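Asker: The chain contents come next:
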Amino acid sequence: MVAGRPSADIDHPATYASAVDCDLHPALPGMHVLLPYLDDYWREMVSVRALDRLNLSLTSYPQNAPLSCRPDWKPDGAAKPGASLEAMQRHVLDRYQPRFGILNCLYGAQVMHSEDMAGVFCRATNDWIRDEWLGRDPRLRASIVIPAHNTELAVAEIERRADDPRFVQVLMLVSGEVTLGRRQLWPIYQAAERLGLPIGVHAGSAYRYAPTAVGWPSYFVEDYVAQSSAFENQLQSLISEGVFAKFPGLKLVAIESGLTWLSGFIWRADKTWKGVRAEVPWVTRAPSEIIRDHVRFTVQPIDAPDELAAIMRLIEHLESDELFLFSTDYPHWQFDGDRALPSGLSEALRQKILYGNALATYPRLAKAFGATEVNA
Amino acid sequence: MSTLELDRGRPAEAKLRVIDCDIHPAMNAWTEVHPYLAKKWIEHLTVYGSHLRHAFSEALTHPRMSPDAARVDAYPDEGGPPGSSLTLMRSQHLDPNGVAFGMLIPLRWNPGSQRNLDFGVALTQAMNTWQVERWVKNEPRLRASILIAQEDTVGSVAEIEARASDRNFTQVLVLPRTDEPLGRRRYWPIFEAAARNNLPIAVHVGGTNGHPSTGGGMPSYYMEEHHAVAQTMQSVLSSLVFEGVFERFPTLRVVIMEGGLGWIPSFSARMDKHWSRLRSEVPHLKRSPSEYVRERVWFTTQPMEEPGRASQLIDLFDRIGWDRLLFSTDYPHWDFDDPRYAFKAPLSEAQRTQLLYGNAQAFYGIG
Numbered sequence: 001m002v003a004g005r006p007s008a009d010i011d012h013p014a015t016y017a018s019a020v021d022c023d024l025h026p027a028l029p030g031m032h033v034l035l036p037y038l039d040d041y042w043r044e045m046v047s048v049r050a051l052d053r054l055n056l057s058l059t060s061y062p063q064n065a066p067l068s069c070r071p072d073w074k075p076d077g078a079a080k081p082g083a084s085l086e087a088m089q090r091h092v093l094d095r096y097q098p099r100f101g102i103l104n105c106l107y108g109a110q111v112m113h114s115e116d117m118a119g120v121f122c123r124a125t126n127d128w129i130r131d132e133w134l135g136r137d138p139r140l141r142a143s144i145v146i147p148a149h150n151t152e153l154a155v156a157e158i159e160r161r162a163d164d165p166r167f168v169q170v171l172m173l174v175s176g177e178v179t180l181g182r183r184q185l186w187p188i189y190q191a192a193e194r195l196g197l198p199i200g201v202h203a204g205s206a207y208r209y210a211p212t213a214v215g216w217p218s219y220f221v222e223d224y225v226a227q228s229s230a231f232e233n234q235l236q237s238l239i240s241e242g243v244f245a246k247f248p249g250l251k252l253v254a255i256e257s258g259l260t261w262l263s264g265f266i267w268r269a270d271k272t273w274k275g276v277r278a279e280v281p282w283v284t285r286a287p288s289e290i291i292r293d294h295v296r297f298t299v300q301p302i303d304a305p306d307e308l309a310a311i312m313r314l315i316e317h318l319e320s321d322e323l324f325l326f327s328t329d330y331p332h333w334q335f336d337g338d339r340a341l342p343s344g345l346s347e348a349l350r351q352k353i354l355y356g357n358a359l360a361t362y363p364r365l366a367k368a369f370g371a372t373e374v375n376a
Numbered sequence: 377m378s379t380l381e382l383d384r385g386r387p388a389e390a391k392l393r394v395i396d397c398d399i400h401p402a403m404n405a406w407t408e409v410h411p412y413l414a415k416k417w418i419e420h421l422t423v424y425g426s427h428l429r430h431a432f433s434e435a436l437t438h439p440r441m442s443p444d445a446a447r448v449d450a451y452p453d454e455g456g457p458p459g460s461s462l463t464l465m466r467s468q469h470l471d472p473n474g475v476a477f478g479m480l481i482p483l484r485w486n487p488g489s490q491r492n493l494d495f496g497v498a499l500t501q502a503m504n505t506w507q508v509e510r511w512v513k514n515e516p517r518l519r520a521s522i523l524i525a526q527e528d529t530v531g532s533v534a535e536i537e538a539r540a541s542d543r544n545f546t547q548v549l550v551l552p553r554t555d556e557p558l559g560r561r562r563y564w565p566i567f568e569a570a571a572r573n574n575l576p577i578a579v580h581v582g583g584t585n586g587h588p589s590t591g592g593g594m595p596s597y598y599m600e601e602h603h604a605v606a607q608t609m610q611s612v613l614s615s616l617v618f619e620g621v622f623e624r625f626p627t628l629r630v631v632i633m634e635g636g637l638g639w640i641p642s643f644s645a646r647m648d649k650h651w652s653r654l655r656s657e658v659p660h661l662k663r664s665p666s667e668y669v670r671e672r673v674w675f676t677t678q679p680m681e682e683p684g685r686a687s688q689l690i691d692l693f694d695r696i697g698w699d700r701l702l703f704s705t706d707y708p709h710w711d712f713d714d715p716r717y718a719f720k721a722p723l724s725e726a727q728r729t730q731l732l733y734g735n736a737q738a739f740y741g742i743g
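Taken in sequence, the protein lines are chains R and U. For the first sequence, counting from 1, position 181 maps to 181 in the working numbering; every step adds exactly one. So the number in the working numbering is just where the residue sits in the second sequence, counting from 1, plus 376.
In short, the hints are calculated from the structure, not lab data. Mixed in with the good hints there might be a few duds.
Claimed, not checked - Cross-link-like lysine to any residue pairs, in silico, SDA-like; alpha carbons within 20 Å at most: (1) R:K274 - U:G684; (2) R:K246 - U:A686; (3) R:K274 - U:A571; (4) U:K513 - U:N404; (5) R:K274 - U:M441; (6) R:K274 - U:A686; (7) U:K720 - R:E316.
In this text the structure is predicted, and so the values were computed from the model without any measurement.
All chains, full assembly: derive it from the sequences and hints.
Answerer: What follows is the structure in structure tokens.
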């Protein structure tokens, strides 16, 4: 499975050419950029309530905290890391020359309590991404930002973008208002499956609840560490509720979830399922099998000191080398220099992680890839 | 590692010598603790009963898949719930399974989760005396745990001090679903008292704090709720490490009970990775998170992990540290681990002895 020649020097940017970068973060500079996409009522609301003076950056990523931006990617002055397409081109797109890069915008639109406000701001955010990013670099693709707490508005937003093949995924936060398997969310999954859009679940919380079952931790580092726990809980929810049995064509991409927890997850989940499966008779296959068929993971951050050993161990435990998708997590600080993947991977495995697995996950990318191959 | 051997075809019973670090004793009726409660608390118990941050105070909103979460064969002939009969515990578990010592982990009433703090403290006092009078005095193989109502730090410290010189007690017991993450400073007087008396802190699955059992809301199914106890323990461990509890109390030892094992090495590595980036936020940590875990934290083994291959279980134990694993059965619960069959990997005799007996002997200083 992973035999073969060791790959070329992984420290050289050229070795990433043709990759699919599955996690790029464009920063929305401020609400003023959304104004052109709002109707009169909402423009007035922004003005009357001074919403454009609010800092809607998510709590999880304080602008100056070490994880929020790699030191050598920091912009000058007060600009938000990730706000400039030119900087993203210089740091990632032109340097590594990926075939595609997927934008995951983590602006505050999707967490506002007002479902109407969330819906309107999500819609405007997607418009802004289309015009300011997708329209300005043909390599870019994007996830559709949705107000997941209002299924009707979320589905409408997904359908509004469906005809634009540059939107390749639906974006949700790992911790929102309800556990991700809950049936009230199923219309979102139904629409995504029908339209060939994987559900991208990104680390982060709307903070409707404490980020852990034992309450509010003191430190950012605890919140970050807790993300893998949140992904474990949500995978267990999606599996238990039967989402993948109901939507057999649905793919889910865990973004910034970390990876190494997967071994323990499948062992525990499989054993628990054997013991209590009578409770969830629609779960007719072991959780590890369901994950192999339906769930993929972006590689950054690789949450272990010995990254190569961690990946090889996971592939052995999970009995699959098709689960991991390349990502830089730009501009977050996950790796240094040009070593976005650990050295020592076989050439075959490296190609799978760099683009093969992503093309098998994103139907819209596979289609675009086919078109570029034909034209080449 | 020494030569590995499979233990097929050997009379295992003759060789079994076990310290079971997780046994759940039960009461036949609430009245069993009346002798140890002040009159006003007996009245309170009768009039109001338990009061938790939970829809039911006497039942679970994720009902288990078996009554009392118990083995179907654990109901005493004379009546009463599983775990209530010492006779059956002896004939069904302690004798045939070679239990030399057994640690009692009483779960009834969640005293630490009671909204009425004085009532919670009174319950811990009564249940601690009950453990000794009802169990330890009648069965010298058993040991009691000092239950505390951790949200009342003063009451907790007083109870630890009251029991510390009593050799019937081996540890301080806290359920992980505390009001705030266990490492927060409000709980430090408890750690100080435990460390001063050289008592380990045992954290056993349980408790209700009003927070959903996941950071993304309440799960629907018991299958999820059961899985989530591992993530709860991850959060407890993360809190103890990053708050600097192990730095502040350099002799404090912690044992995580029934939280699973598969996540431990990867979670330690994950903490290290994030700490290496964000250590400026937690300058009170002098060492990497995994070092604190490796030196100061033990884990009970049930429910034992069952990876696809035996070598993966051995690899897991290598990475956790063989000396940090304390065998437990969870008697009389449904997912009981039998000491003969729990480890689905070839172990040397030395390894088996270490896991079943030696580690707990050293940890508790008994036997």
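Asker: Hint by hint, note whether the structure agrees.
Answerer: Here is what the structure says about each hint:
{"no.": "1", "hint": "R:K274 - U:G684", "result": "holds (14 Å)"}
{"no.": "2", "hint": "R:K246 - U:A686", "result": "violated (34 Å)"}
{"no.": "3", "hint": "R:K274 - U:A571", "result": "violated (40 Å)"}
{"no.": "4", "hint": "U:K513 - U:N404", "result": "holds (18 Å)"}
{"no.": "5", "hint": "R:K274 - U:M441", "result": "holds (12 Å)"}
{"no.": "6", "hint": "R:K274 - U:A686", "result": "holds (19 Å)"}
{"no.": "7", "hint": "U:K720 - R:E316", "result": "holds (18 Å)"}
When the structure is compared with the earlier hints, violations turn up for hints 2, 3 and for no others.
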